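Novice: Since the structure of chain A is provided, determine the placement of chain B on it from the hints.
Number of protein chains: 2
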Amino acid sequence: MKNIIIASTSTVHGTDYLEYLLDELKVFFKGVKTILFIPYARPSGISHDTYTEKVKEAFSKINKNIIGIHTSNNPVLAIEKAEAIFVGGGNTFVLLNQLYKHKILSVLKDTVNKGTPYLGTSAGSNICGLTIKNTNDMPIIYPPNFNALGLVPFNLNPHYLDPDTTLKHMGETRETRIKEFHAFNSQPVIGLREGSWLFVKGDSIVLKGPLSARIFEQNKTPYEVQPETELNTLK
Amino acid sequence: MKNIIIASTSTVHGTDYLEYLLDELKVFFKGVKTILFIPYARPSGISHDTYTEKVKEAFSKINKNIIGIHTSNNPVLAIEKAEAIFVGGGNTFVLLNQLYKHKILSVLKDTVNKGTPYLGTSAGSNICGLTIKNTNDMPIIYPPNFNALGLVPFNLNPHYLDPDTTLKHMGETRETRIKEFHAFNSQPVIGLREGSWLFVKGDSIVLKGPLSARIFEQNKTPYEVQPETELNTLK
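Just so you know, the sequences run in chain order A and B. With the UniProt record's numbering, letter number 67 in the first sequence gets 67, and the count goes up by one each step, no holes. With the UniProt record's numbering, letter number 102 in the second sequence gets 102, and the count goes up by one each step, no holes.
Here chain A stands alone, though its shape is the one from the complex (with noise of 0.2 Å):
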């Protein structure tokens, strides 16, 4: 039975690293002593091990061990083996390519599908749908291709963004990307707000922390839905 969080951001501002997860983790990761670390994301570009040591730091506090992916020599076998796996944020194109890379994204499907606890933290969790052609990030490197894993049957957008009115730069707001999306794709998307996680627990997938998240069909208006919404008949 899938058992997966898809958090929209690893920070909340003004807060640690996780620290506004951490409640959660500890039900979430009850009984877990030790969760694999896929590091592949590098935000800012930092090594594999620079990273592993600030999500070591983290979890220290709830404590579980961490171990990074990259230390293993059989990254096949550690995913199948793990209790858990944490897939952390960074950039989207670097992480994607490194799972085609060393060929692990469809045992990490498989693994997730069958119940191993899953968290994702932005690349982590825009990983987590059919393709990963909702990110935000830049196109740094040139993936085998867009999909991904597929444990929900839409498209994620994290740090989802309300237009600013106020701004007076010309880029297109994030609705406006999405729509540009729909002209060409016809999944879900939904817009995670920074705070926001999707808790999946094997047909389930619902809608949790504080806020509300915006909804975007193919040819429908975008929409709101509240926490603790249920989204499984979203497809």
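Quick caveat, the hints were computed from the structure, so don't treat them as lab data. Since the model is a prediction, treat every value here as computed from it, not as a measurement. Idealized CB from N, CA, C, for every residue including glycine. Check before you lean on any hint, since a few could be wrong.
[To be verified] Lysine-lysine pairs mimicking DSSO-like chemistry, simulated, CA-CA at most 27 Å apart:
| # | chain 1 | residue 1 | chain 2 | residue 2 |
| --- | --- | --- | --- | --- |
| 1 | A | Lys168 | B | Lys208 |
| 2 | B | Lys114 | B | Lys81 |
| 3 | A | Lys168 | B | Lys54 |
| 4 | A | Lys201 | A | Lys61 |
| 5 | A | Lys208 | B | Lys168 |
| 6 | B | Lys56 | A | Lys168 |
[What the hints assert, rightly or not] Part of the chain A face toward chain B, derived, beta carbon under 10 Å:
| # | residue |
| --- | --- |
| 7 | Pro43 |
| 8 | Gly89 |
| 9 | Thr92 |
| 10 | Val94 |
| 11 | Ser122 |
| 12 | Lys133 |
| 13 | Phe146 |
| 14 | Leu167 |
| 15 | Arg177 |
| 16 | Ala183 |
| 17 | Phe184 |
| 18 | Glu194 |
| 19 | Asn232 |
| 20 | Thr233 |
Specialist: What follows is chain B alone, placed relative to chain A:
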């Protein structure tokens, strides 16, 4: 001799489409009667026809005719015979994908290198760089690769935005994204603020407009260059 305007944006806040550039374009397109417009980037997913109408209206103010390349049966010939070319903004992935699909990337490159005047705004500027790896756009379509026209020996980041220290949003700043790019790529990137453009004339590449631009080179601290700076040593 190359003759190119690479503009950050089509529109500066509070003014009409292309208005801030019209005086410049009057000079740039002097002697040109008809401009070939490439509407492939489709901002907000609008149709090629609708987009072309919008461009026609703007250029009618300086007495230029516009023909949309999508109305031509032979886009290669349309490019070769064009008096001048304008590639408008929208989604860079969609634009590049269409250029590959219609097999016109190389003829466009050759034609502009031979001297046909080229105006690019936003996505139409992104493709002037070596690759589109510094676009801000959502990757809503998977193009055959990220290589672009390479009319200049670096990459462009149009709509460049300075970090806003008052923001509580935790998504990466533009500077962080470009720093991530340089963890994997070596070419320089020019962050072009809205209202700025590069004027390429033969071997010369000069920053124009009222604002400075931000230059990002691998393993260097980013720095500002002032209007009228010659940038042809950057590579």
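Novice: Compare the structure with each hint and give your call.
Specialist: Cross-check of the supplied hints:
1. Of the pairs offered as hints, the one joining A:Lys168 and B:Lys208 holds, with about 20 Å between alpha carbons and a cut-off of 27 Å not exceeded.
2. Between B:Lys114 and B:Lys81 the CA atoms are separated by roughly 12 Å; this keeps the pair inside 27 Å, and the hint holds.
3. For a cut-off of 27 Å, the pair hint linking A:Lys168 to B:Lys54 stands: about 21 Å separates their Cα positions.
4. Of the pairs offered as hints, the one joining A:Lys201 and A:Lys61 holds, with about 25 Å between alpha carbons and a cut-off of 27 Å not exceeded.
5. Straight-line distance between C-alpha atoms of A:Lys208 and B:Lys168 comes to about 20 Å, which keeps the hinted pair within the 27 Å bound.
6. A threshold of 27 Å between alpha carbons decides the hint, and for B:Lys56 with A:Lys168 the separation of about 25 Å falls inside it, so the pair holds.
7. Interface hint at A:Pro43: satisfied, since its Cβ lies 7 Å from the closest Cβ of chain B, which is below the 10 Å cut-off.
8. Of the supplied interface hints, the one on A:Gly89 holds, with its beta-carbon coming within about 9 Å of a beta-carbon of chain B, less than 10 Å.
9. With a least beta-carbon distance of about 9 Å to chain B, the hint placing A:Thr92 at the interface is held under the 10 Å criterion.
10. Hint status for A:Val94: holds, given a least beta-carbon distance of 7 Å to chain B, under 10 Å.
11. For A:Ser122, the interface hint holds, the least distance from its beta-carbon to any beta-carbon of chain B being 8 Å, beneath 10 Å.
12. Against a cut-off of 10 Å between C-beta atoms, the interface hint on A:Lys133 holds, since the closest Cβ of chain B lies about 5 Å away.
13. Checking A:Phe146 against chain B by beta carbon gives a least distance of about 5 Å; that is within 10 Å, so the hint holds.
14. Proximity of A:Leu167 to chain B holds as hinted, the smallest CB-CB distance being about 8 Å (cut-off 10 Å).
15. Look at A:Arg177: its Cβ gets to within about 4 Å of chain B, closer than 10 Å, so that hint holds up.
16. Contact between A:Ala183 and chain B, as hinted, is supported at the beta carbon level, the nearest pair being about 3 Å apart and thus within 10 Å.
17. With a least beta-carbon distance of about 6 Å to chain B, the hint placing A:Phe184 at the interface is held under the 10 Å criterion.
18. Given hint, A:Glu194 at the interface with chain B, holds; its Cβ is 6 Å from that chain's nearest Cβ, closer than 10 Å.
19. The criterion of a C-beta within 10 Å of any C-beta in chain B is not met by A:Asn232, whose closest approach is roughly 25 Å, and the hint is violated.
20. Interface restraint check for A:Thr233: the shortest CB-CB distance to chain B comes to about 24 Å, outside 10 Å, so the restraint is violated.
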